[in-house]
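S.K.: Please take these sequences and the hints and turn them into a complete structure.
So the chains spell out like this:
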Amino acid sequence: MTKKMHDTPMLDQLESGPWPSFVTGLKRLAKDKDMMVDLLGQLEYSYKTRLGYWKGGTASVIGYGGGVIPRFSEVADRFPESKEFHTLRIMPPPGMHYNTDILRKFCDIWEKHGSGLIALHGQSGDIMFQGCTTEKVQEAFDEINELGFDMGGAGPSVRTSMSCVGHARCEHSCYDEGRAHRSVLNNFTDDLHRPALPYKFKFKYSGCANDCMNSIQRSDMAIIGTWRDDIQVKQDEVKKFVKAKGRKYVIDNVVTRCPTQCLSLNDDDTLAIDNRNCVKCMHCINVMTKALSPGKDRGATILVGGKRTLKIGDLMGTVIVPFMKLESDEDFEKLVELGRNIIDFWAENGLEHERCGEMIERIGLANFLEGIGLDIDPAMLANPRTNPFIRMDDWDDEAAKWKARKTG
Amino acid sequence: MTKKMHDTPMLDQLESGPWPSFVTGLKRLAKDKDMMVDLLGQLEYSYKTRLGYWKGGTASVIGYGGGVIPRFSEVADRFPESKEFHTLRIMPPPGMHYNTDILRKFCDIWEKHGSGLIALHGQSGDIMFQGCTTEKVQEAFDEINELGFDMGGAGPSVRTSMSCVGHARCEHSCYDEGRAHRSVLNNFTDDLHRPALPYKFKFKYSGCANDCMNSIQRSDMAIIGTWRDDIQVKQDEVKKFVKAKGRKYVIDNVVTRCPTQCLSLNDDDTLAIDNRNCVKCMHCINVMTKALSPGKDRGATILVGGKRTLKIGDLMGTVIVPFMKLESDEDFEKLVELGRNIIDFWAENGLEHERCGEMIERIGLANFLEGIGLDIDPAMLANPRTNPFIRMDDWDDEAAKWKARKTG
Amino acid sequence: MTQPRMPIESGVPDHFQYMHPVMRKNYGQWDWHERPRPGVLHHVAKSGDSVWTVRAGTQRQMDVYTIRKLCDIADQYAEGHVRFTIRSNIEFMVSDEKKVAPLIEALEKNGFPIGGTGNSVSMISHTQGWLHCDIPASDASGAVKSLMDELHHEFTHEEMPNRVRITTSCCQINCGGQGDIAINIQHTKPPKINHDLVANVCERPSVVARCPVAAIRPAMVNGKPSLEVDEKKCICCGACFPPCPPMQINDPEHSKFAIWVGGKNSNARSKPTFHKLVAAGIPNNPPRWPEVGAVVKKILRVYKEDARDWERIGEWVERIGWPRFFELTELPFTKYHVDSWRGARHSLNASAHIRF
Amino acid sequence: MTQPRMPIESGVPDHFQYMHPVMRKNYGQWDWHERPRPGVLHHVAKSGDSVWTVRAGTQRQMDVYTIRKLCDIADQYAEGHVRFTIRSNIEFMVSDEKKVAPLIEALEKNGFPIGGTGNSVSMISHTQGWLHCDIPASDASGAVKSLMDELHHEFTHEEMPNRVRITTSCCQINCGGQGDIAINIQHTKPPKINHDLVANVCERPSVVARCPVAAIRPAMVNGKPSLEVDEKKCICCGACFPPCPPMQINDPEHSKFAIWVGGKNSNARSKPTFHKLVAAGIPNNPPRWPEVGAVVKKILRVYKEDARDWERIGEWVERIGWPRFFELTELPFTKYHVDSWRGARHSLNASAHIRF
Ligand code: SRM
Ligand code: SRM
Ligand code: SRM
Ligand code: SRM
Ligand code: SF4
Ligand code: SF4
Ligand code: SF4
Ligand code: SF4
Ligand code: SF4
Ligand code: SF4
Ligand code: SF4
Ligand code: SF4
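Chains as they are written, first to last, in the UniProt record's numbering: chain A, 1 to 408; chain B, 1 to 408; chain C, 1 to 356; chain D, 1 to 356.
One or more of the hints may lead you astray.
Said to hold, decoys possible - Pairs of lysine-lysine residues, derived as PhoX-like cross-links and limited to a Cα-Cα distance of at most 25 Å, are as follows:
1. K239/A with K83/B
2. K296/A with K271/C
3. K298/D with K403/A
4. K25/D with K290/B
5. K109/D with K31/B
6. K99/C with K290/A
7. K311/B with K200/B
8. K298/C with K403/B
9. K232/D with K311/B
10. K298/D with K105/B
11. K46/D with K25/D
12. K112/A with K31/A
13. K192/C with K48/A
14. K245/A with K112/B
15. K403/B with K297/C
16. K112/B with K69/D
17. K136/B with K31/B
18. K298/C with K406/B
19. K112/B with K83/B
20. K25/D with K403/A
21. K325/A with K296/A
22. K298/C with K233/C
Stated by the list, open to error - Partial list, derived from the structure: chain C residues whose beta carbon lies under 7 Å from chain D:
23. N267
24. K271
25. G343
26. A344
Just so you know, the hints here were simulated from the structure itself, not pulled from any lab data.
Bear in mind the structure is a predicted one, so any value in this text is a computation, not a measurement.
The beta-carbon is built from N, C-alpha and C at its ideal position, and this holds for glycine as well.
M.R.: As C-alpha cells, this is what we get:
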C-alpha cells in the first residue's frame with residue numbers, strides 16, 4: 001500500500017501519446033498494490049537491460065491440470081513484491097459478449113485477489129487475469145468459476161476457442177458460430193483442463209470466408225462458413241449501387257476482382273453471376289453488402305492443420321470437409337464427432353510436441369483422411385500431384401471406390 | 001538384301017490411319033536392308049511381349065567421348081542382323097533450317113552407312129541418325145562431319161541445344177537466338193564432346209516469353225527474350241482490331257487476360273497500357289499481333305535449373321539475370337562467360353548425377369549466385385521468405401551492399 | 001480442514017445471457033450493414049431492427065479502473081452491453097442512432113480512440129512481452145502502445161486501400177500470427193549456453209528433438225552433462241529456449257526486429273497468404289522503438305499512395321511486384337530475403353514474368 | 001595404317017546457309033503474322049516482304065525415302081528450303097502466296113497432314129521407346145502414330161480454345177517433358193532384381209545413391225554381392241534401372257500409363273506450370289493403345305466444349321476447379337491424386353475457396 005514507486009523514466013515515456021496507456025493503468029494500480037510497484041520496477045528494469053526476468057514453475061487449481069500460467073521473478077531480490085505474478089486464463093463466451101454487470105464482478109474479484117490487471121483478451125481468446133500470487137490462485141478461480149466462467153487451456157491440451165460475432169450481428173454469417181463453439185468445446189472440457197495430448201489443439205469458428213477469427217492459420221481445426229447454392233441477389237439494390245457508384249467503380253472494384261471471373265455487369269446494371277464457378281470468397285458480397293448475400297443452403301468448410309511457424313514453417317489449415325451442414329442437432333453432433341476423431345487419431349499418432357498439421361505433413365493428407373475415416377475429394381487440393389513418385393498398384397480398387405461413391 | 005520379312009501382325013496395324021506411318025517407312029528400308037528386316041522383327045517381338053530388348057555398351061568416334069548412343073540387342077540370337085543399332089546424334093543449325101541439298105546428302109550417307117532411318121529431330125534437337133553398326137559409325141560420322149555438321153551431346157556433358165525460329169521469321173523475337181545459340185555452344189565444344197561434368201547440361205533459346213523451345217522446364221540454362229521499355233502500340237491497328245472483333249471480344253480476350261491487369265480499353269477504342277506493371281507475358285501481343293509489339297529496348301532473361309522429374313521432382317528454371325542486353329559482341333561474350341561461370345561452379349560443386357537445378361535446390365539460390373558472382377535481385381523471387389529460419393547477423397553489411405549498388 | 005472445492009466444469013459460458021437484446025432478438029437474421037463514419041457500424045436486421053456499434057481502442061492490458069470506466073460509459077451512454085473484438089477493441093452497441101454521438105464524445109473525452117473499422121489500421125495484435133512471458137526478447141505492451149500512438153490517425157480514419165491488420169510478436173514463436181504487417185523479434189545469434197544450469201533444468205533429449213535443424217548435441221562440459229550447439233547449422237530460431245532456459249537466445253543487442261508484409265487470413269478475392277520478410281536488423285529499442293515505427297509508417301505510406309481500393313498489402317505487392325516494393329519503400333533487398341528453408345523453390349521466380 | 005581422321009570440331013553449323021532467302025533477308029525484321037488457314041502462316045516483314053509457311057506432320061522417325069519425297073516436294077512446289085519445328089513438323093516456306101495451294105495439294109496427296117498451327121493439337125512430342133531406347137516400357141513411335149491417327153482432325157483444324165501440346169514418355173524419366181496433356185509410363189511395382197547379374201553389371205554404390213527414397217540397400221544374395229529393395233519405401237520410379245539393368249522395373253503387365261494435364265511452358269498470361277496427374281492404371285496395350293486414346297479424347301472433348309478462348313488446358317482447369325474437371329471428364333479421383341512427395345503441402349487447398 002505504501003511502498004515507494006521505483007523510478008521508471010523509460011516507462012514514463014509511454015504515458016504520453018494519444019493511445020490509452022497501460023503504464024498509466026499500472027501506476028494507478030500501484031497506488032494500492034505493492035505488487036504493482038515492484039512489477040513496474042521489474043518492467044523498467046527489463047526496458048533498461050532489454051531482457052525478460054520471468055520464469056515458469058508450477059501453479060494450478062484443484063481438479064485441473066492447466067490454465068494457470070505460473071510466473072516467478074528472476075529478480076525477486078530487487079523486486080520482491082512481484083516475485084509471483086501468475087495468470088489465470090478464463091474462457092470467454094462465444095463472440096466475447098459481456099454486460100457491465102459481469103465485467104464489474106470480474107474487476108471486483110481481481111482487485112481483491114489479484115493485481116487488478118485484466119487483459120481482454122489473449123490471442124487465443126482467453127480473459128487473462130494477470131498477476132496473482134500462488135496463494136491466491138485458488139480463491140480467485142473459485143469466485144470466477146462461481147460466476148459461470150471456467151478455466152481456459154494451457155499446455156498440451158485442447159485450447160480456448162474463439163468465434164466471430166457472426167450470427168449475433170453479421171449478415172454474412174453462414175452458421176451459428178456460438179452454438180458450434182459451445183457444442184464442440186464443451187465436449188472437450190476434459191482434454192482442455194487436463195493436458196495429455198501431444199501438443200496444443202485449437203478450434204476457431206468464422207461465420208464466412210472473411211475469416212475474422214484468422215482460423216485458417218491460427219487453429220488446428222477451422223470451421224469456416226460457406227454456402228452451396230446461388231448467391232442471393234437483390235437486383236434492384238444492385239442497380240441502386242451501380243447508380244450511386246458508377247459502372248466503372250463496379251467493374252473495377254467488383255467484377256474484375258472476382259478470383260474466378262464469374263461476375264459480369266449486364267447492360268441494364270444488373271449483375272450476372274456464374275455461380276458454378278463462384279468460390280465463395282465473399283468479395284463481391286463484402287462490397288455490395290445490401291445487394292448480395294450468401295446463398296440459402298449454408299454450412300461450413302472444415303480445414304485442419306493451421307499453426308504458426310516452428311518447427312517446419314507456417315502451415316495453413318487445408319480443407320478436409322468441403323461442406324458440412326450445421327443446422328440440426330445431428331449436424332452439430334457430427335461436428336463434435338469429427339473433432340473427436342481427429343484428436344483421437346492425432347493423440348495416437350502425433351509425436352511429442354507435434355501439432356496436428358505437422359503430423360499431416362509427415363504422414364500425408366491421404367493417410368490422415370483414411371485414419372479419421374473421411375473420403376478424399378478433389379476440393380481438398382489446389383491441384384493433384386505433379387510428380388510420379390508414388391506406388392499405385394491398387395489404382396483400380398481406388399478408382400472403383402470413387403465410382404461407387406459417385407453412383408451410390 | 002534378301003532376308004525374308006518376319007511376320008509383323010501387330011506392327012502392320014500401324015500402317016493404317018491418316019498419320020504418316022513409320023512402319024511403312026521401316027518396311028520400305030527393309031526391302032534393301034537386312035538390318036531393318038530384323039529390326040522390324042525385334043520391334044514386333046517387343047510389341048508382343050511388351051518389353052524392350054536393347055542394352056547399352058560402347059561405341060564412339062575417334063577424338064570424341066560422346067555423341068553415339070550404342071545399342072546392342074538382347075535378342076540378337078533371334079534377330080542377328082540388327083544386333084547393333086547405334087544412333088549418331090548430330091547438331092542441327094539454330095532454328096533447324098535446311099535446304100533440300102543438305103537433306104539429300106544426309107540421306108545418301110545414311111543409306112550407305114546406316115539403316116536409312118533418320119529422326120528429325122530428337123527432343124534435345126539432334127538430328128538422329130538411327131541404326132548403325134559399330135563398324136560403320138566412324139565412316140558415317142566422318143562424312144557427316146565433312147558436310148560441316150558436328151557431333152551432338154550425350155552423357156554427362158553440355159548437350160545439343162535448340163533455338164526457336166525467332167529472328168528468322170518471328171516478329172516477337174527479342175534477340176538473335178541463332179547468334180546466341182552458336183556463340184555459346186561453340187564455346188563449349190570441348191565440354192560437349194568429352195563428357196566430364198557431373199551430369200548433363202542443356203541450353204535452350206527462346207526469343208520471347210512464349211517459350212516455343214520449352215526452355216524454362218527443359219533446360220539447365222534458358223535464355224528467354226524480353227524487353228524493358230514500353231510495348232509498341234499502333235493505335236490505328238488497335239482500332240481496326242476492335243472494330244473487326246468488337247469491344248466485348250477485346251475486353252474478354254485481351255484486357256481481362258492480362259496477368260497484372262495493366263490493360264484498359266479506352267472509350268475511343270485505343271488501348272491504354274500500364275507498362276510499369278507489364279510482366280512481358282506476351283499475351284496481348286499474341287492476340288493483337290499487328291497492333292502490338294515488344295518494346296525496342298530488347299534483351300533476354302536468364303533462368304537456370306530447369307529439368308524433368310527424377311530425382312527430386314520437376315524443376316522449372318528460375319530467374320538469375322532479370323535482363324541482359326544481347327546486341328554487341330561484348331553482350332554475347334558476357335552470355336558465354338555467364339554460362340562458363342555456371343558450368344564451372346557446378347562442375348566443382350555438383351554431386352555426381354546432380355543437375356544444376358538440383359544443386360541449387362541443395363545449396364540455396366543465394367549461395368549459388370554468390371558462387372557465380374551475380375548480385376541478387378528481387379525479380380528473382382516470386383516472394384521473399386515466409387519463414388524466419390535463417391541466421392542473419394550480418395544483415396547490416398548485406399543491406400549496405402544493396403544501398404551501394406543502388407547509389408553506385 | 002474443509003473439503004477442497006472442485007471446479008464446476010462449465011466450459012464455455014452461454015453468450016446469450018450477455019448479448020445486447022437487439023442482437024439476441026435478431027440472432028442469425030441480419031440483413032446488411034454500412035459504416036456511417038469511421039468507428040461506427042450500422043447493422044440492419046431482416047426484422048427491420050437496427051443496431052449501431054461504436055468501436056474504440058483499448059490498451060488490452062487493462063487495470064480495473066479502466067474497465068470500470070468503460071462500464072460506466074456503457075451504462076450511461078450505451079445500453080449496458082459491450083463486446084470485445086479479436087483485436088482487443090471494445091464495441092458498444094446501441095439500438096438508437098441518437099445515442100451514437102454522445103457515446104463517441106464520452107469515449108473520446110476519456111481517451112479512447114474511435115475507429116478500427118473498415119479500411120483503417122486496426123489495433124495491433126498484442127502479446128505478452130516482458131510484462132509476463134518467460135521467453136520474450138522485447139515488450140509487447142510498450143511496442144504496441146508506441147506504434148498505436150504513431151498510427152492514431154490511421155486508426156481513427158478509414159483512408160487505407162483496404163483494412164490493415166498488424167501483428168507483433170515478442171519472440172520468434174509468434175503468438176501474434178500472420179499480418180498485413182508483422183513485427184517480430186528475430187534472433188541473430190545462436191544461443192549462449194549457461195552450462196551450469198543445463199543438468200538441472202533441461203530434459204536434454206527433448207531439447208535436442210525441438211531443434212528444427214538438429215543443431216543441438218548432448219555433450220559433457222566441465223564434466224557435467226550439458227549441450228552444445230553447432231553454430232554453423234543454427235538458424236537462431238529460439239525453439240530451444242522455452243524447454244531449456246539455459247540456452248539463452250535473448251540478447252539485448254542481437255535480438256533484433258524483423259518486419260514482414262502480406263499476411264492475409266481472409267479468403268476475399270485471393271487465397272490466404274503468409275507474410276514475407278521485408279526488413280530485418282532493426283534495433284530492439286525501448287521505450288518507443290522509433291526505428292520500427294519508421295519502417296512501418298514508410299510501408300503504410302507507400303501502400304496508401306500506390307494500392308488500388310480493396311487491395312490488401314499482399315495483393316498490392318503481388319500486382320506491382322517485389323522489385324517495385326523495395327524500390328518504393330527504399331528498403332534494402334538482401335540475400336536473406338531469398339528463402340533457404342525446405343521448399344524454397346516455391347518462392348523463386350519460375351517464369352519470365354518480370355516488371356522493369 | 002593411315003592416320004585416324006580427327007573430327008573437325010565445328011560445333012553448331014551456321015544457319016544462314018540453309019535459310020530461306022526471304023527469311024535471311026528479313027532476319028530480325030519481321031512485323032506481324034496471320035494464319036490464313038490451319039497449317040499456313042503468313043509472316044510480313046517490315047520491308048514489306050512476305051513469307052508463307054506451310055506446316056505438315058511427319059512421323060519423325062523417317063526413312064530416307066520419306067525425306068527424299070519431302071525434298072522433292074520442296075523443290076517442285078516450294079523454294080527448296082524447309083525447316084523442322086520442335087514437334088517434328090516440317091515447314092515449307094514460299095515467297096508467293098500462289099504457291100501455297102499447290103504445295104498443300106502435293107503434301108496431302110503424299111499423305112502429309114497439313115496443320116499443327118494455332119489452336120490445333122500439334123504433333124505429339126516423340127521419344128524412342130522399343131525402337132531404340134534401353135529402358136522403355138512402351139513404344140513411342142507406335143503410341144504417337146496411334147494417337148495422331150485419332151487426333152488427325154484436331155491437327156488439321158484449329159478448333160481448340162488454345163493450342164494443345166501433348167507429350168509422351170516411354171519410361172518415367174520423361175524425355176517428353178511437360179505437356180497440356182502428358183502420356184507417361186508409370187510403373188506400379190518395385191523392380192524385380194536379377195541377382196545373378198548385379199555383381200557384374202552394376203556399380204552398387206551409385207545405384208544406391210540414385211534411388212530418390214533410399215529404398216535400395218547393398219546385400220549379399222546367394223553368397224554374391226547384390227542389392228535389395230525395401231518394397232514399402234519404393235515409389236516405383238525406375239531410377240535404378242538405367243544404371244543397373246538387373247533391377248528390372250519394366251513389366252508387361254504392371255508398367256501402366258498415366259495421364260497428366262495442365263503442363264505449360266509458355267509465360268502467356270499465367271506463369272508456366274507443371275502437369276498434374278489425372279488418370280493412371282491405363283494398360284500398356286500395343287499396337288494401338290486404345291485405352292490411352294479414349295482418355296485423351298475425352299479430356300480434349302470436354303476442354304473444347306467448356307474452356308474459353310485462349311485458355312490453355314491448365315488455365316481452364318484452374319478456373320473451373322479440379323472437382324469439376326473430374327466430374328466433366330468422368331475420370332475417377334483417388335487418394336493417389338493427393339501429393340505425398342516433398343512439399344506436398346503446396347498442393348493442398350489452403351483456403352476456403354471451393355466451387356459446389
Ligand atoms: C498469452 C498469449 C499471447 C497474448 O498475450 O495474447 C500467448 C502466450 C504464450 N504462448 Fe502463444 N500465446 C497466445 C496465443 C498464441 C497464438 C494465437 C492464437 O491462438 O490464435 C499462437 C499462434 C497460433 C498457433 O497456435 O500456432 C501461439 C503460438 C505459440 C507457440 C507456437 C506453437 C507452434 O506450434 O508453433 C508457442 C510455443 C509452444 O507452445 O511450445 C506458444 C507459447 C506461449 C507461451 C506459453 C510461452 C511459453 O512457452 O512459456 C506464452 C505464455 C505467455 C504468458 O506468460 O502468458 N505460443 N500462441 C496468447 C494466449 C492467450 C490466451 O489464452 O488467450
Ligand atoms: C533421344 C531422346 C528422346 C527422343 O527420342 O527424342 C532421349 C533419349 C534418352 N534419354 Fe532423354 N532423350 C531425349 C531428350 C530428353 C529431354 C528433352 C530435352 O532435352 O528437352 C529430357 C527432359 C529435359 C531434361 O533434361 O530434364 C530428357 C531427360 C532424360 C533424363 C532425365 C534427366 C534428369 O535429370 O532427370 C534421362 C536420364 C539420365 O540422363 O540419367 C534421360 C536419358 C535418356 C537415355 C539416354 C536413356 C538412358 O539412360 O539410356 C535415352 C536414350 C535413348 C536412345 O536410345 O537414343 N533423358 N531427355 C532425346 C534426345 C535426342 C536428342 O539428342 O535430340
Ligand atoms: C469485429 C470483428 C469480428 C469479431 O468477432 O471480433 C470483425 C467484424 C467485421 N468484419 Fe472482419 N472483423 C474482425 C476481424 C477480422 C480479421 C482478423 C484480424 O483482424 O486479425 C480479419 C482477417 C484479416 C486478414 O485477412 O488477415 C477480418 C477480415 C474481414 C474482411 C476481409 C477483408 C479483405 O478484403 O481481405 C471483411 C470484409 C470487408 O470488410 O469487406 C470483414 C468484414 C467484417 C464486417 C464488415 C462483417 C459484418 O458485416 O459485420 C464486420 C465489421 C468490420 C469493420 O470493422 O468494418 N472482415 N476481420 C473483428 C474486428 C477486429 C478489429 O477490432 O479490428
Ligand atoms: C514453329 C515453332 C517454333 C520453332 O522454332 O519450331 C513455333 C512457332 C510459333 N509459335 Fe510457338 N512455336 C512452336 C512451339 C511452341 C511451343 C513448344 C511446344 O510445342 O512444345 C510452345 C510452348 C507450349 C507450352 O506452353 O507448353 C509454344 C508456345 C507459343 C505461344 C503461347 C501460347 C499460349 O497461349 O500459351 C504462342 C503465342 C500464340 O500463338 O498466341 C506461340 C506463337 C508462335 C508463333 C505464332 C510465333 C510467330 O509469330 O511466328 C509461331 C507460329 C505458331 C503457330 O503454330 O500458329 N507459340 N510454341 C514451334 C512449332 C511447334 C509445332 O510444330 O507444333
Ligand atoms: S467471419 Fe464472416 S460471419 Fe464472422 S464476423 Fe466476419 S464477416 Fe461476419
Ligand atoms: S463470392 Fe467471390 S468468387 Fe463468388 S462471385 Fe463473389 S467475388 Fe466471385
Ligand atoms: S519463342 Fe517467341 S520469338 Fe521464338 S518463335 Fe516462339 S513466339 Fe517467336
Ligand atoms: S504483355 Fe502480358 S503483362 Fe504485358 S500488357 Fe500484355 S498481357 Fe499484360
Ligand atoms: S510471442 Fe513469444 S514472447 Fe511473446 S507472448 Fe508469445 S511466446 Fe511469449
Ligand atoms: S536457436 Fe533454433 S536452430 Fe539454434 S540451436 Fe536453438 S533450436 Fe536449434
Ligand atoms: S522416355 Fe525413357 S524410354 Fe523413352 S526415350 Fe526417354 S529414356 Fe528412353
Ligand atoms: S524403382 Fe525407384 S524407388 Fe524403387 S528402388 Fe528403384 S530407384 Fe528406388
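S.K.: Run every hint past the structure and note whether it holds.
M.R.: Verification of the hints:
1. K239/A with K83/B: Status violated; Cα separation ~79 Å.
2. K296/A with K271/C: holds (23 Å)
3. K298/D with K403/A: holds (17 Å)
4. K25/D with K290/B: Judged against 25 Å, a Cα distance of about 21 Å means the pair holds.
5. K109/D with K31/B: Holds: K109/D and K31/B sit about 24 Å apart, inside 25 Å.
6. K99/C with K290/A: Holds. K99/C to K290/A sits at ~24 Å (cutoff 25 Å).
7. K311/B with K200/B: holds (14 Å)
8. K298/C with K403/B: holds (17 Å)
9. K232/D with K311/B: It holds: about 18 Å lies between the C-alpha atoms, which stays within 25 Å.
10. K298/D with K105/B: violated (44 Å)
11. K46/D with K25/D: Given that 25 Å is the threshold and the Cα spacing comes to 11 Å, the pair holds.
12. K112/A with K31/A: With Cα atoms ~14 Å apart, K112/A and K31/A stay inside 25 Å; holds.
13. K192/C with K48/A: This hinted pair holds, its Cα atoms lying about 21 Å apart.
14. K245/A with K112/B: Roughly 79 Å separates the two Cα atoms, so the pair is violated.
15. K403/B with K297/C: holds (20 Å)
16. K112/B with K69/D: Holds, because 18 Å separates the two Cα atoms, which is no more than 25 Å.
17. K136/B with K31/B: holds (20 Å)
18. K298/C with K406/B: holds (19 Å)
19. K112/B with K83/B: holds (18 Å)
20. K25/D with K403/A: violated (61 Å)
21. K325/A with K296/A: holds (11 Å)
22. K298/C with K233/C: Status violated; Cα separation ~34 Å.
23. N267: It holds, given that the least Cβ distance between N267/C and chain D is near 5 Å, below 7 Å.
24. K271: With a minimum Cβ separation of about 4 Å from chain D (threshold 7 Å), the hint on K271/C holds.
25. G343: holds (4 Å)
26. A344: violated (10 Å)
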